[in-house]
Amino acid sequence: MSTDTDTAAAAPDLATLEAGQELPPMHKFPDEAQLFLYSAASHNPHRIHYDREYARFEGHDDIIVHGPLQGAWLTQFVTDWAGPAARLLGVTWQNRASGLPGEELVFSGTVTSVDAETGVVELEIAEHTSDGRLLMPATARVRLPTT
Amino acid sequence: MSESLIPAETLERVGEVLSGPVTTVIDRREAQRYAYAVGDENPIYFDEVAAQAAGYRTLVAPPTYVTHAVVQPRTAADLRTDGLYREGTRIRLLVDRVMFGGEEWDFLEPVCVGDEITATVRLAAVDQKEGRKGPFVRQVRETTFVNQFGDEVARSRMIGIAR
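Taken in order, these protein sequences are the chains called A and B.
Positions 1 to 147 (our numbering) are the ones given, in order, by the first sequence.
Positions 1 to 163 (our numbering) are the ones given, in order, by the second sequence.
Check the hints yourself; a few may be wrong.
[Unchecked claim] Chain B stretches covered by chain A per the calculated footprint, using a threshold of three residues with CB under 8 angstroms from any CB of chain A:
1) 31-45
2) 70-83
3) 97-110
Hints were generated in silico from the structure; no laboratory data involved.
For every residue, glycine included, the Cβ atom is placed at its ideal position computed from N, Cα and C.
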């Protein structure tokens, strides 16, 4: 249960930011303890997140990482990059496959548009396992400070 | 186009309130417990000085926390065998295998510790699509979150896929 970001970079600068630029990847290492803590903190009693035997009965390979936890990681990926003065305006994600405890999960993203006047930046994001399985394609909109 | 998987009675329910309104005060301890569970230790969630320096009234809650904050206490007798709570309102379809398809969020105003948030869930859309594996039904449940000032602070659209 930890987070690694490849570089502790300074907040992006609207003056030099352009479409096509990539965000530094973020890595997550969920374990059973994290799934338990997330179930508790989000008031989520769904059995597929804590009962291995039941999760397999439903056809999963193991207990699975919560969709909303992966969604919260997507927002963290953007807000860590954008810095505290930025405002997250929106995020969308699609559930394509399930993450499992013990897997390394990698968040990557690309800037798709920059509006220098309003500071609004659009991003295309993806969450993969470290062996390249796509779990969540996503998008985000964030407003950077225009000063 | 294949035959309809959506009964007329369900189409008539689009726009209907499915649950709420429910009102909850955003609690510092609960919001921080959530941030720690995510592993998101952004100072704006934990350090009031940092939050104010970033332009917030006071400590902020993580963006999607608001949807968990409004979960109401329920008795364990309401749990189904899969661990989910029985729903008060069911949407009838002619297919019954439902998967969580994804979610779309708009964050309109910050949600801060101490804010009083009222959530209302509506059936925003039910439509039938043709997929590679045949027809499926897409259901959208939209939750609006409004604060004590009457401002809409967030909107979430949860997309369910049934086939």
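To see whether the hints hold, each was checked on the structure:
For the region 31-45 of chain B, the proposed coverage by chain A is satisfied: 10 residues have a C-beta within less than 8 angstroms of a C-beta in that chain, meeting the threshold of three. Check result for the region 70-83 of chain B against chain A: holds, 5 residues qualifying (beta carbon to beta carbon below 8 angstroms, three or more required). Counting residues of the region 97-110 of chain B whose CB falls under 8 angstroms from any CB of chain A gives 10; the rule of at least 3 is met.
Figure legend: structure checked against the earlier numbered hints; every hint is met.
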